[in-house]
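Novice: The lines below spell out each chain.
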Amino acid sequence: MLTTEEYSKILDVLEREPNKGEVAVFEAMWSEHCSYKSSKRWFHLFNEKAPYIELGIGEGAGLINLGDDLLVGLGLESHNHPSAISPYDGAATGVGGIIRDILSQGCKPIAVLDAIRFGNIEKSQHSQYLLENVVRGISFYGNCCGIPTVGGEVEFAPQFEHNCLVNAMCVGVVQKNKVVRSMATKLGSFLVLYGARTGRDGIHGVSFASKDLSDKSDRDRPAVQIGDPLMEKILIDVTLELVEKELLEGLQDLGGGGLSCAVSEMAHKGNTGAIIRLEDVHLREDDMLPWEILVSESQERMLAVVEPDKLDEVVSILDKQDLTYGVIGEVTDNSHCIAYFRGEKIINLPVELIVDGFPEPERIAEKPSYLDEEDFLIPKIEDIKHEILKLLSSPNIGSKAWVYQQYDQHVQTQTVVPAGSDSAVLRLDNGKYVALSLDCNSFMVYLDPYNGTANSATEAMRNLIATGAKPLAFVDCLNFGNPEHPDSYWQFVESIKGLGQFSHDFNIPVVGGNVSLYNESFIEDKRERINPTPTIGMIGIIENPEKLIKNNFQEKGTFVVSIGECDGNLNGSEFLRNNFGILQGKISQYDKKNEESSRKAIENLNQAGYIKSCHDISNGGLITALAEMTFKNEIGVKLDLLDNDSFKILKPEEFLFAETPSRYIIEISSEYIEGASKMIEGKVSFSILGKTITKQKIEIENFLSMDIKQLKNAWKKTISQYMEN
Amino acid sequence: MRIGITKFPGTNNEQDVLRALSILDVKGELIYPWDDKKLENLDALVIAGGFSYGDYLRPGGIAAQSPVAEKLIDFEKNGKFIIGICNGFQILCETKILPGVLTTNLSTKFICKWINIKTENSQSPLLQNLESIIKIPIAHYEGRYYHDSNGIKKINDDDSVAFRYCNEHGEITQKSNPNGSLENIAGITNTKGNVLGMMPHPERASFDYLGSDTGRQIFANLIEEIKC
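Going down the list, the sequences are from chains Y and D.
By the count of the numbering used here, the first sequence reaches residue 725 at its end, each step adding exactly one.
By the count of the numbering used here, the second sequence reaches residue 1228 at its end, each step adding exactly one.
For the record, the hints were derived by calculation from the structure and aren't laboratory data.
Treat the hints with care, as some may be off.
What the hints assert, rightly or not - SDA-like cross-link-like pairs, simulated, lysine to any residue; straight-line CA separation at most 20 Å:
(1) Y:K320 to D:Y1032
(2) Y:K400 to D:S1107
(3) Y:K716 to D:K1113
(4) Y:K651 to Y:I688
(5) Y:K547 to Y:K612
(6) Y:K612 to Y:R527
(7) Y:K632 to D:D1036
(8) D:K1113 to Y:N552
(9) D:K1109 to Y:Y129
(10) Y:K320 to D:D1036
(11) Y:K547 to Y:K600
(12) Y:K400 to Y:K716
(13) Y:K108 to D:L1030
(14) Y:K691 to Y:K716
(15) Y:K695 to Y:D640
(16) D:K1113 to Y:S720
(17) D:K1080 to D:N1221
(18) Y:K612 to Y:K716
(19) D:K1175 to Y:E724
(20) D:K1080 to D:L1030
(21) D:K1175 to Y:N552
(22) D:K1109 to Y:Q128
(23) Y:K400 to D:W1114
(24) Y:K632 to D:G1211
(25) Y:K432 to D:Y1209
(26) Y:K547 to D:G1211
(27) Y:K638 to Y:S687
(28) D:K1027 to D:N1041
(29) D:K1113 to D:D1213
(30) Y:K547 to D:D1208
(31) D:K1227 to D:L1024
Between the sequences and the hints, there should be enough to build the whole structure, so can you do that?
Specialist: In structure tokens form, the structure reads like this:
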């Protein structure tokens, strides 16, 4: 719905009443989802520059030059609202949408990652149903399109019970000279709409995504699009052929806002206008009204700008593959978007007004009252073994194999490291590896949006570093509550500040992303809001494949070393939350200096060939990281902490479970331990924790001894036990 | 030497097979559903995996009705080699070139993971010199091999079982059967041995950096046989 202020703006500019079709276009294009009207004002905080960035924020994919003019494209999008109402189709079309975004720049999609969040699966049947069907939707769509789903994250918390999150990231590759832009520059070029037919599904999808969900949201089911992955696969194959033959002047997928959005955005970027004829759009239902054709969000459609002398060849390729298409209009110079239906003018609007003309709404940010909550009692730990097992069996810590096994991770034969490690690693045709991570710790962000977000970004970075990759750029998906509520907006503003700071501090630019607001609802008069969740998808490069680092123990008798210092802070940790239900207190602050020195230490040690394996310490703290390193090869570890300063000062649970950032565990052969120690001495805080051992146990001298099998069992069955009943 | 790789709408492993062949210095060529006339000039055909026609109707059901598929029976009768991988295996069963059917996994879930298979048949030239245990990925929703008891008896009697799912020690166990296939069957050949259908993906186990290259020998055998 347009606000009074927005409607007055339209009247002022047009000097007339808009007609029904025009109102529908404004409702779509000025929705929060399409216009970023509450968020755009903060984007200046981001670092968007680096010498290797070929295309930044603003189109379907951000493009990064990996050398040899091989570019990699990144995109990340949410499909939260549709997935909450119709999890299977919502998740499937979320994947489809981000694939087409990447395709819009001419990229061949090579990987998908998904970050998904649900309520408490231990207790909530509804969340089990959502998880089951979201995963099935991603699997059905991505697998059929022939794009491997190589990673992501899964998080569970009661805060996502009524508003689940489904964020999909896609990665693609394109040669620099084949890049296509989403703009219409050349006058007289044709607009060719190809792919699926246009139907009534997904009408008002963006408006639906730009308001709170409620118990009546089920009525919005028609606003959820339906996916057809076979059509998407054909669309990918045909588009890549058109790109390869350099037949496209411009290209954009049809997503939120449908045709009206694609046409006006491409004209706006190219400083042109467009005339379209809606009767030339192929329809699924004959009786669609002209305005419905304009804003329908039917999936698997692309809009191409084609120069007149190339039209015949484009058409012959589309014909060969039996793909439906229509030459629906032309690029003009009058900076208006004009649509006709059988000679009748349906809309006539200045492109600038559609795309950028919305009045910025006033938004107020106020610190939420929950952050002033009273002190809490620190629980007394009696049985540390019990606590460790309980932590490892938290669905947030435990194995996600139940999810990942449903995704085809190997198609395209480039997957070197599939889902389940710190980063996914793919081999590119030039022999180099790229590493991908997708992260957010929504609990930390909830307790402190600024530091929690910056620390989530460093976690995404650490996951790359621990794999031996050099971080290059990231995309973000900012999932927050209703921006009209000052406390929700405050979370958003603080978070974006933290993310901006990180991007400058580490010279890792943002190349794209998406903002999803209104992830809150009133259920039986109670306000339910998600944990603020800025999901960060980061890409890094491993120039020399030999520098790829494994994330699990490789050998017996090697040294186990921790890099970075533990501050013992348990606030926001999975331990306090999962084991005691406490989510309160001040979290560890974002610390650029510590983060940098740890990163340098790992990079230098890896360069020197000293690292046998490495894992970052994050969710679940040191003990979780250690346990995860033992599982794959069932190599045990024995820690001797008699001389460990942190262990002496801190309580055992603080030492074992704190999630202090800037930390890694590394494995070093005995022959290199001296050289390695010398290399980092005085430059970073580190300590030799102990050694890997033949016994399949995790032992701490005079304190703890547990079987790997027992730990692994607790960790392994956590999700499947709820999903396979 | 001419090896064709089928590309139906929805096929998505054709590039992977091309890549596996190229490491053996063979340049494969793509065969579209309407390319039935090209078949006579080919020495062998690989029916690549994916979701031909979206697996709509049922996996392989529509592809089996295509012009190319109609020529497959003659192709096989002429003694030319066919390897059907995953969806390709399903297509071979749909065309009745191979016996039995592939139906929904017992878990009713898509399963993608590394598994082990044991080479059974020593007759088919396509199965020579293979490691006895091959580490290889599967990725399918409908990979559970099924046939009536007479049919199962016949393929056993004919020595037509190519691979069975096994554990890392080569033992054929219930736990190592990922999808509920009868007798852990992962792949079969025709009686002559010139047609091989398998659910696991040898092209995904043809490069060290992917985790295994033990599947490559199957393509090497194919090439060797054509050369003879």
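Novice: Hint by hint, say whether it matches the structure.
Specialist: How the hints compare with the structure:
1. Y:K320 to D:Y1032: Holds, because 11 Å separates the two Cα atoms, which is no more than 20 Å.
2. Y:K400 to D:S1107: The hint holds at about 17 Å.
3. Y:K716 to D:K1113: holds (16 Å)
4. Y:K651 to Y:I688: With Cα atoms ~19 Å apart, K651 (chain Y) and I688 (chain Y) stay inside 20 Å; holds.
5. Y:K547 to Y:K612: holds (10 Å)
6. Y:K612 to Y:R527: violated (49 Å)
7. Y:K632 to D:D1036: Measuring from Cα to Cα gives roughly 48 Å; hence the hint is violated.
8. D:K1113 to Y:N552: Answer holds: K1113 (chain D) to N552 (chain Y) is near 19 Å, not above 20 Å.
9. D:K1109 to Y:Y129: Given pair K1109 (chain D), Y129 (chain Y) holds - Cα atoms ~14 Å apart, limit 20 Å.
10. Y:K320 to D:D1036: holds (16 Å)
11. Y:K547 to Y:K600: Given pair K547 (chain Y), K600 (chain Y) holds - Cα atoms ~15 Å apart, limit 20 Å.
12. Y:K400 to Y:K716: Holds - the C-alpha atoms of K716 (chain Y) and K400 (chain Y) are around 8 Å apart, at most 20 Å.
13. Y:K108 to D:L1030: holds (19 Å)
14. Y:K691 to Y:K716: Roughly 25 Å separates the two Cα atoms, so the pair is violated.
15. Y:K695 to Y:D640: holds (15 Å)
16. D:K1113 to Y:S720: Given pair K1113 (chain D), S720 (chain Y) holds - Cα atoms ~16 Å apart, limit 20 Å.
17. D:K1080 to D:N1221: Holds: K1080 (chain D) and N1221 (chain D) sit about 13 Å apart, inside 20 Å.
18. Y:K612 to Y:K716: violated (25 Å)
19. D:K1175 to Y:E724: holds (16 Å)
20. D:K1080 to D:L1030: holds (17 Å)
21. D:K1175 to Y:N552: Violated, at about 25 Å.
22. D:K1109 to Y:Q128: holds (15 Å)
23. Y:K400 to D:W1114: The given pair, whose Cα atoms are some 16 Å apart, holds under the 20 Å limit.
24. Y:K632 to D:G1211: Since the Cα atoms of K632 (chain Y) and G1211 (chain D) sit roughly 14 Å apart, the hinted pair holds (cutoff 20 Å).
25. Y:K432 to D:Y1209: Holds, at about 12 Å.
26. Y:K547 to D:G1211: holds (16 Å)
27. Y:K638 to Y:S687: holds (14 Å)
28. D:K1027 to D:N1041: holds (15 Å)
29. D:K1113 to D:D1213: Given pair K1113 (chain D), D1213 (chain D) holds - Cα atoms ~16 Å apart, limit 20 Å.
30. Y:K547 to D:D1208: Between K547 (chain Y) and D1208 (chain D) the Cα gap is close to 16 Å, so the pair holds against 20 Å.
31. D:K1227 to D:L1024: holds (13 Å)
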